[in-house]
Amino acid sequence: MSDKNKGLNRAREIYLDSSRRARELRAAGKKVIGYPCAYVPLEMLTALDLVPYRTCADMKEPVTEADRALPHSFCPVMRNCLDCALKGRNDFLDGMVAIHSCDPQEKTARIWESYTHYPYFHFIDMPITVRPEALEYFKGQLDDFRKTLEAFTGRKLSADKLETAIRSHNRQRALVRELFELTKPSPPRISGTEIMQVVKALTGLPVAEGNDLLIETIDEVKKRTGRPESKPARLLIWSSTLDDTDVMQVFEARANVVMNESCGGIRAYKGEIKLTADPLEGLADYYLNEITCARTFRQAALGETKKDYARDLQSRFGYLKGIIRDWKVSGVVLLLVRYCDPFAFEMPSLKDYLNTIGVPNTYIEYDYTAGALAPMRTRVEAFIETISQR
Amino acid sequence: MHFAGVDIGSTMTKVVLTDKAGNLLSFIKGPTGAEHRQLANEVMRQALEEAGLHIGDISYIVATGYGRLNVPFADCQITELSCHARGVSSLFPRARTAIDIGGQDAKCMKIDNGRLANFVMNDKCAAGTGRFLEVTASALGIRLEDMGDISLKAARKIPISNLCTIFAQQEVVALLSRGEKLENILAGLHDALASRVAALARRLGLEPDLVLTGGVAKNIGMVKAMKESLACEIFVPEEPLLTGALGAAILARETYMRAAAAGEALPTKSRRLEKATFFSQEHR
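Respectively, the protein sequence lines represent chains A and B. Note that the numbering used here numbers the first sequence so that position 61 is 61, with each residue one more than the last. Note that the numbering used here numbers the second sequence so that position 175 is 175, with each residue one more than the last.
What you were told as hints is all true, and nothing was included just to trick you.
Far from chain A by the CB rule (all over 12 Å, computed), these chain B residues: (1) P31; (2) N41; (3) L53; (4) R143; (5) L144; (6) K157; (7) T165; (8) I166; (9) S177; (10) E228; (11) Y256; (12) A262; (13) E274.
Simulated pairs of lysine-lysine, DSSO-like, Cα-Cα distance not exceeding 30 Å: (14) B:K227 x A:K351; (15) A:K184 x A:K223; (16) B:K110 x A:K321; (17) A:K328 x A:K351.
Examples of chain A residues lying across from chain B (beta carbon under 7 Å, computed): (18) T378; (19) E381; (20) A382.
Keep in mind that the hints were calculated from the coordinates and are not lab data. The beta-carbon is built from N, C-alpha and C at its ideal position, and this holds for glycine as well.
Just chain A, with the same shape it has in the complex:
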């Protein structure tokens, strides 16, 4: 099972050259639409036969061009992402869908639009709370998105086509969760690095090809005799974006990373989209309510104003408890990309929550550059030393 064009090998190749397949498809006549964040409903692109391509940052690329447009004290991932775009890495795109998932995304989108000239550009104004009014508003935003897509492609986005696309993407979500099931044993059957390569590959492939890759990979991993070495700790990493294997290697040199709770991991693949009479209803509900990213404000209960810290923590972070139990997580790393305000502001409460449920945890900040890896290694190793001596 070491076919170069299948499973883990194929994932690794796409990881190393993430736009290769998208460029091939474009050369063959397909239209490719970029998106920078997990909140863009890819189902709507897939339904219109558009190829979604996640525009990514490159940690090894020193930021130079983006300094023309963005201040230095700004989300380094978005700075880097824009830098790559300004250096022409995404010039093959036919369009771009940006979304107000966080302020740096919104600000960068405007600059992106003015510096690049794709035939199609759309911005989705996504609300920040999960209130029913917000859901209504978001649905309206998705309807606007539908209209601009229809105008761009000259095709109608029918409920039927959208439903078929939703089923394919739901299948992808289920397959990614199945992949993460393989990290439950000790030692895990697949490493955090391998999973990261697969997940990154998915963001550069049409959904059907991604699903094939997942099926091949799961089959390959289940059949292979080799597996990652057992390490003294089983870690869950909670982060905004964790998409570089060099960062993952810092952890996996000393521990098994069994859960990647970030945009380079399971975040975009939890739960599934409900098939509703108006498919936009199910889409809006899923993207607003189901994805657990720190950008969304969740109240303990609707309309609740009295302070109840324990319930508040439960409603914001309760989803982690089951994962920690089921994956036998022995330590949680809160990995913060510098200047990421939404995640930084969650840290104190999340630490409180993890301490309440009795899981060792540590907080590590880095600036999304390769130079940050040496100090990170010391912190990671020291944390593993403290939890493995217990």
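Keeping the supplied structure of chain A fixed, place chain B upon it in accordance with the hints.
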């Protein structure tokens, strides 16, 4: 049967040798420097010479510090956080918090049962580290080792508003040209650094006894400023640079004894004092 701890810090390399019972036999401190980074073997050779030992006499060697991977003859690597915690608690059994301020890091460690329980470190810039003092000493044209003594003569502290090492240097030069007294500026500088490290320590939660280590602990002005910032008693070991290497030697002994008691074979490296080679040298 002897044990060794090698601590390669950003500024200084330290080696501690102990006997079978864990008693200190010799220690050596030398600059890490750009070239010396490859020369852990040289510092080790000196320490062995002083103790009248041969490298073959050492049963187990632990390397620590940011250069811990550049010690080819070390049997295992343990982070400086675990090593400092262990070293401090061997010297001060009642210590519950240790603060180490070195050349490029400031770290605060909670100690439980003689071991590292939790820690925080400064972010990667030089603010809050020994480098901050080094850079400003050179800007002021004084020797690093005189800074503390001079600062004690201050009649008042000039607040230094900028903790960025580069900007603080500019601020200090501007204060000098304004005619401010050197000792008052130095007292302000120590205060600025101490309050930065104290804030870091408070994030972890302070518990007495508190021990201050690292090169900066040799600066009497800093010890005073830390006492004021943290409002508590501070203990400083006689050789504050050595706690990491000492902890490494103790952990080497403990690891070896534990394996021996369990009848397990402990893999060790070749006992040749080789110079470290870096991957990058292949490309030069």
